[in-house]
Amino acid sequence: MTDAPEVLKPLRTWSHLAGRRRRPTEYEVVSTNLHYRQDNPDSPWELDPDIHMNKWYRQYCNDSPLRHEDWDAFRDPDQLVYRTYNILQDGQETYVRSVLEQFSDREHDSGLSPEWVAVLASHYTPARYLFHTLQMASSYLSQMAPASTISNCTTFQTADSLRWLTHTAYRTVELSRTHPGAGFGEKERQLWEQDPAWQGFRELMEKALVAWDWAEAFTAVNLVAKPAIEGAVIAGLAAAGRAEDDLLLALLADSQMRDAERHRRWASALVGMALETEGNKAVLDEWVAGWQPLADNAVDAYCSGLPGGDKIAEETKTAAAAFRTQAGLD
Amino acid sequence: MPLLDRSEYYDLIRTTNWTPSYVPEDELYPEEMSGSRGIPMEKWETFDEPYKVAYGEYVANQREKDAGAYSVKAALERSNFVDNADPGWISILKAHYGAISVPEYAAMTGEARMARFSKAPGNRNMAVFGMMDETRHGQIQLYFAHEHTRRSRQWDWAHKAMHANEWGALAARHFFDDMMMTRDAISVSLMLTFAFETGFTNMQFLGLAADAAQAGDHTFANLISSIQTDEARHAQQGGPNLKILIENGKKDEAQQMIDVAFWRSWKLFSVLTGPMMDYYTPLESREQSFKEFMQEWIIGQFERQITDLGLDTPWYWDEFIRALDETHHGMHLGVWYWRPTVWWNPAAGVTPEDRDWLEEKYPGWNDTWGNVWDLIIENLTEGRPELTGPATLPMICNMSNIPIVGTPSNGWNVKDYPLVHNGRLYHFGSEPDRWCFEQDPERYQGHLNFIDRFLAGWIQPPDLSGGLAYMGLAPGEIGDDAHNYEWVARYMPAQAAAS
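If you're matching them up, the sequences are chains A and B in order.
Its first residue numbered 1, the first sequence is counted upward by one per residue in this note's numbering.
Its first residue numbered 1001, the second sequence is counted upward by one per residue in this note's numbering.
Simulated from the structure, these hints should not be mistaken for lab results.
You can take every hint at face value.
Each computed BS3-like pair below joins lysine-lysine, with the alpha-carbon atoms no more than 30 Å apart: (1) Lys187/A x Lys1052/B; (2) Lys9/A x Lys1073/B; (3) Lys1043/B x Lys187/A; (4) Lys1065/B x Lys1052/B; (5) Lys1243/B x Lys1052/B; (6) Lys207/A x Lys1043/B; (7) Lys55/A x Lys1250/B.
With the sequences and hints as input, model every part of the structure.
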């Protein structure tokens, strides 16, 4: 049926990866260049170019002030694919289940001091709402990021946030059984909406959830909010818990922090890639400067009610700033 | 104390709605992204997904499923099934992977729309697993297709198709973008998960899996049935939202969304799945006809589901049932005739035995489509192959973006359904296609289908070579008859006399 002379020869991989010297990894084969909406900047979606969603993607993805000529070049430093994510997290969850079972067997919750139980009721179980906001915000990044390799990281981050939420819900029920009068499973929404300890984080996350520009949302969530939340609400609270013999909380937190550290690895890599383009550092620094006061206030408000809270607040803010500096920002 | 049962803490996992105050609720959930249609937040909190799973179970189940699918693939790799399989079956694999892998990955975005913007907390959580599932389906299908890239450049299209302006890929994008990428969260749950996944993916993944098992392709059969187990779970997000819409006086809107999504899904399947099942699958491997699969999966199950939920069957139901005998035959004829314009090699599927089967399954086939194939066969047996390929362009529907077809020859009923809107003349392949457009003209009015682009001068030179270049199809990729016309020998006078 053809009279054209040259016939394309089969390749050892996808044509878009074929020009490279080395054989592509499984990660590259299944993760790269999948957002076809990036092909036609005038009409990301194959419908009328002026529908709401085409405008939304043009404005908040394609026209973001953070620019790069090839976002598809981004690679997750962990090179996670769906298959390996489940292997990794099933291992983690098996560990968490065994920790939960052992501590339940030894009636861990009955041995907690009333003072610490009160802290768990005020500062731990309401985090279910906070983790859910991270889940929502991460899923926004998945639908808006300019490269599939970025979206995959945020999709796993979305699932990890649901993981943290699930652990918290589980513990809420356990604590409510041992300490029925402490408000577990009953007061979390009220505390999240009204208690001064949570208002800083709620303000930060409600505002981060409407940062529609994909790169600003990434900055607000991954560079500012998450380091603050993970520092204070996960690691900081767990450190306070260790002092109160709440080793269970500490072990859960350690497992969650492994997710958080993975999130920071890809976020740093993405910042590193963004900094290759002139002008991006100023964009990121300006965004961080805008969001950081909200996060710092949130950390202070949350930590003020914690035993040893001042130290936790300082360490959290210092570590968050160090994370951004290491990534190459001011 | 033993571990808590999931049912003891599940409700807390989905008790996550709060009253925002630093940002107004309608800014946190913009109507165009959320689609809550004025129904208050607390009503959405009644969302109750029938299939419940918690995070720890999810990663354990999915790890096991992947272990199964990947190990079957690894175990069967040495059997070189693909090198020895019927070329018609290989065409199914190429068409399927190109049309399905990347759109499945894209469905992650539809799921993420629900995960972020649905006001139902249960919906937001289930959609996280949906995002994960669709990431799986994109990745695993790309992985399975990738090992074949060394066999032919057509396999490259498992990744490339959705990036190309090939007409079928363009139609698939128009469909998927309309159903799942550009809709609010609630619409996605109805149009993608309820109408498309509950109804049609069963067809593609279980129906085709049955044919695959018959054809001996256990890797593919196992892969797509494994995918369907995920679909069966996350497809259940639409039902609870549908219930909330109906309870809150939004039945008409829900009905309209289902009716649009169902018709559009049907048209895509008529060009993708219909020819695969009734023509490309080797005769001895056909489990049922496309129509029989449709009757079982769509008419039998989907119709019951929508009526159980309090909806009506779509207004065009009689036309849909009538079209089950027609549309995909026309699509197949068109795809085979315009075979250089696809990334797989269409199998004609019209040997004398095939035709007996078609006549049995679709009485009257020989008197209609058969007559057209007779002419094609005559041209091939008498040495006029140039008359069996495209010299002109087909009429393409401005909704489905696939050719406008009907019954040819003695059943002739081919008809255009035109509409003038804002001074532009649009063409549609059926009354329901035109109706879909009329429900929301702003969504579609500025889109140009392949023929519109040709007429607008986007395709240069304005002939087949320009068309192929625009579509990204080069020699080595372009389609030709799957069996290299060997089947035509059956109709050569000497052979015909002998048989």
